[in-house]
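Using the sequences and the hints, build the whole thing.
2 protein chains.
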Amino acid sequence: MAPGPGGLEPAMESSIPAHLTVKRTRTKRVGENYTPPYPSYSVRFAEGVSNLVCAFLGVQSKQPLSREAKAASDGMWELCARDDGPISREHAVHTDEQGFDNQVIIAYWDDAEAYGRWFQEHRDALIGAGLEPAGHGRWIEAFAPEARGFETLYSSNTFPEGAARVATGAYSGEIQEHGYWGSMRDRLPIAQTEALEPAGDPFIPDNSGIVRVEPHHNLAVIRSGQDWSLCEDSELASYFGDVEPQLKAGMDFLTTEGASIGCYANRYMTSSDGDGTVLEQSFGLSFWHSLEDMERWAESHPTHVAIFMAAMKFLQANAGAKLRLSHEVAVVSRDQQYYEYNNCHSTTGILGAGRALRVGHA
Amino acid sequence: MAPGPGGLEPAMESSIPAHLTVKRTRTKRVGENYTPPYPSYSVRFAEGVSNLVCAFLGVQSKQPLSREAKAASDGMWELCARDDGPISREHAVHTDEQGFDNQVIIAYWDDAEAYGRWFQEHRDALIGAGLEPAGHGRWIEAFAPEARGFETLYSSNTFPEGAARVATGAYSGEIQEHGYWGSMRDRLPIAQTEALEPAGDPFIPDNSGIVRVEPHHNLAVIRSGQDWSLCEDSELASYFGDVEPQLKAGMDFLTTEGASIGCYANRYMTSSDGDGTVLEQSFGLSFWHSLEDMERWAESHPTHVAIFMAAMKFLQANAGAKLRLSHEVAVVSRDQQYYEYNNCHSTTGILGAGRALRVGHA
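Protein sequences appear in the order of chains A and B.
Each residue of the first sequence is one higher than the one before, counting from 6 in the numbering used here.
Each residue of the second sequence is one higher than the one before, counting from 6 in the numbering used here.
Honestly, the hints are just simulated from the structure, not real lab data.
It is possible that some hints are incorrect.
The list makes no distinction among identical chains, and a pair is therefore deemed to hold if it is satisfied within one copy or across any two copies.
Unchecked claim - Derived SDA-like pairs (lysine to any residue); straight-line CA-CA distance at most 20 Å: (1) Lys318 / Thr308; (2) Lys318 / Pro307; (3) Lys318 / Ile266; (4) Lys318 / Ser265; (5) Lys318 / Glu262; (6) Lys318 / His306; (7) Lys318 / Asp116; (8) Lys318 / Glu304; (9) Lys28 / Ala200; (10) Lys318 / Ala303; (11) Lys75 / Cys85; (12) Lys327 / Ser93; (13) Lys67 / Gln251; (14) Lys28 / Glu199; (15) Lys318 / Glu95.
What follows is the structure in structure tokens.
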């Protein structure tokens with residue numbers, strides 16, 4: 006049969022860049038002729054990039070965020086401008102499940118060695134080591150996946166969100182591996198040959214003073230965002246009326262009950278400027294026992310299936326929707342993660358992962 | 006961590022029987038430690054069974070089913086009692102999208118050679134060859150998958166529906182491969198090593214007199230059933246109030262618009278006795294361009310996601326639900342299929358598959 010109106014299928018490429026393509030020992034979920042129902046893109050990092058680094062640098066206090074905490078965040082921001090600092094830095098805010106306000110800097114590097122030098126130089130200042138006990142908390146959550154342990158998906162190729170700010174190679178063409186459950190795994194270069202099964206459990210010491218959480222192998226992290234800054238009024242009404250309430254319910258479930266399904270921690274954050282003024286952009290950030298647990302939630306849990314249904318209806322009702330979606334996933338080895346907390350409440354981020362230790366999980 | 010209250014995980018086995026297990030060249034979607042969220046079972050056929058045969062023997066007339074058509078169906082039923090006839094035979098009825106009533110005999114064999122002898126002997130009588138043009142239509146849709154091209158899934162191990170009536174080996178223990186998208190493929194023994202990509206298109210001749218549809222390689226068939234005969238009143242109200250309307254909408258979509266997504270034909274049938282009196286049991290029977298097209302519909306199409314959501318809510322709201330679910334899937338080579346129609350309307354079963362020939366599909 007004719008292959009399409011133009012005589013040829015539109016050019017379609019793999020999310021996996023050529024230099025990270027190896028002979029698969031693990032099969033993709035779709036056949037070579039699979040064509041996704043709508044276009045999506047990945048970002049391309051320079052070939053020389055062996056690891057990315059994403060660091061979340063947070064401060065917290067009881068709501069509203071204290072001046073002292075804000076000043077601490079400003080200090081972290083300044084440190085990001087120093088030698089070997091991140092290529093990209095953003096702000097976001099969120100109020101967590103214990104009613105604490107958190108202000109966060111999200112910083113990206115495409116050079117793990119530069120990050121290493123920077124972090125060694127500034128770790129004490131970032132986490133507040135050696136300072137008097139303060140009225141606020143500080144926390145660092147950082148991970149440095151190999152390029153082959155990282156994948157991205159964007160609904161638009163003009164949306165420099167998150168990791169896309171670091172991608173000198175800009176966007177891919179339309180990719181094949183999306184629009185089906187399992188496509189996340191099929192986009193991960195490392196999953197061409199590895200099952201990515203988790204090994205071990207996190208070790209969470211008592212929460213006093215500065216504490217470090219020791220993570221485990223093949224923990225998975227997702228940052229999943231939405232930007233409504235370009236939406237028309239009718240699209241906005243539909244997004245906030247129908248989609249966002251489901252998204253919020255799913256995020257709340259992960260934050261408060263995620264432990265039951267392998268989610269160690271979740272934050273539903275809003276992008277902001279340095280003064281804490283929110284932008285028209287939000288994202289979820291969550292940490293998982295395994296990529297498989299994340300897959301199961303996405304495809305089967307009522308809270309995410311409800312999000313999926315709402316998003317499908319939204320896209321059907323809003324032709325040419327200008328809502329922009331982004332997604333970054335990392336699977337990291339034990340030594341590619343760093344979690345440290347100073348004077349934070351007991352469920353801050355992965356510090357609360359003790360909740361997630363499930364019977365029968367190991 | 007402790008493996009469970011009893012000290013050991015419950016015994017869990019593969020849906021793939023030991024004698025059909027080979028070294029995988031294609032990976033399962035879940036890891037070895039995956040535990041499904043609720044129990045399900047497959048049926049076990051005797052090791053000597055190389056192929057199963059499932060034949061749908063139908064008659065049709067404009068509603069209500071004519072006496073002549075009923076008599077034709079009775080004749081088919083009698084033929085099933087002859088030498089080399091099926092091990093199991095059932096009745097079902099449905100009114101199709103053109104307002105025709107169909108009465109159908111569903112017959113199973115576990116011996117393709119016996120079926121071959123029986124069919125050769127009785128084909129003319131079944132399809133009405135040599136008879137005067139009649140006021141009713143007759144049709145035969147039969148497929149004979151290899152045992153390794155067939156998989157089953159049952160919510161209960163006390164539910165002798167469909168292929169389970171043929172399984173001398175009765176039920177498996179609790180199987181691992183269910184409760185996630187892609188588990189259907191993971192249960193198919195042949196998918197341990199084959200991608201099951203379709204090849205070719207069906208050839209549908211003009212519809213006059215007796216016509217045979219020539220199918221293509223790796224066509225996929227699903228029979229998916231529900232039995233509410235054991236349900237309490239409250240469960241019944243929930244099933245017919247919340248679940249069945251979504252199921253009906255999904256079945257209607259496949260019947261009338263399935264062509265757009267690779268579904269050649271669908272019937273939503275109700276089990277019945279020989280007089281056409283309906284039982285408390287229904288099933289969908291559909292024919293697909295490929296297993297992959299079936300997968301995409303199940304996991305992503307709004308009509309099936311709505312069914313999935315409704316079913317999840319139903320099971321949450323009805324603890325210990327007595328609704329029993331069954332599922333049989335076959336992937337068949339070109340010569341393992343037989344479709345023949347005499348005096349049937351133009352969209353009867355796979356005779357209507359011409360609608361499904363999609364641009365770019367080959």
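Comparing the hints with the structure gives:
For a Cα distance limit of 20 Å, the shortest separation of Lys318 from Thr308 qualifies both inside one copy, at 16 Å, and across copies, at 11 Å. In this assembly of identical chains, Lys318 and Pro307 lie within 20 Å of each other by CA distance both inside one copy and across copies; the values are 16 Å within and 8 Å between. Taking CA atoms no more than 20 Å apart as the test, Lys318 paired with Ile266 passes between copies only; the shortest distance there is 18 Å, against 27 Å inside one copy. Taking CA atoms no more than 20 Å apart as the test, Lys318 paired with Ser265 passes between copies only; the shortest distance there is 18 Å, against 29 Å inside one copy.
Only between protomers do Lys318 and Glu262 lie at most 20 Å apart by alpha-carbon distance; the minimum there is 18 Å, versus 27 Å within a single protomer. In this assembly of identical chains, the alpha carbons of Lys318 and His306 lie at most 20 Å apart whether taken from the same copy (18 Å) or from different copies (11 Å). Taking identical chains as interchangeable, the C-alpha atoms of Lys318 and Asp116 are never at most 20 Å apart, the minima being 41 Å within one chain and 47 Å between chains. Taking the shortest Cα distances, Lys318 and Glu304 sit within 20 Å of each other both inside one copy (17 Å) and across copies (15 Å).
In the homo-oligomer, the alpha carbons of Lys28 and Ala200 lie at most 20 Å apart both inside one protomer (15 Å) and across protomers (17 Å), since each shortest distance falls under that limit. When the C-alpha separation of Lys318 and Ala303 is checked against a cutoff of 20 Å, the pair qualifies both within a copy, at 17 Å, and between copies, at 17 Å. Taking the shortest alpha-carbon separations for Lys75 and Cys85, only the intra-copy value of 15 Å comes in at or below 20 Å, while the best inter-copy value is 82 Å. Taking CA atoms no more than 20 Å apart as the test, Lys327 paired with Ser93 passes in neither setting, with 24 Å inside one copy and 56 Å between copies.
Taking the shortest alpha-carbon separations for Lys67 and Gln251, neither the intra-copy value of 27 Å nor the inter-copy value of 46 Å comes in at or below 20 Å. Taking the shortest Cα distances, Lys28 and Glu199 sit within 20 Å of each other both inside one copy (12 Å) and across copies (17 Å). For the homomeric pair Lys318 and Glu95, neither the shortest alpha-carbon distance inside one copy (31 Å) nor that between copies (40 Å) is at most 20 Å.
In the structure shown, a violation is registered for the earlier hints numbered 7, 12, 13, 15, in ascending order.
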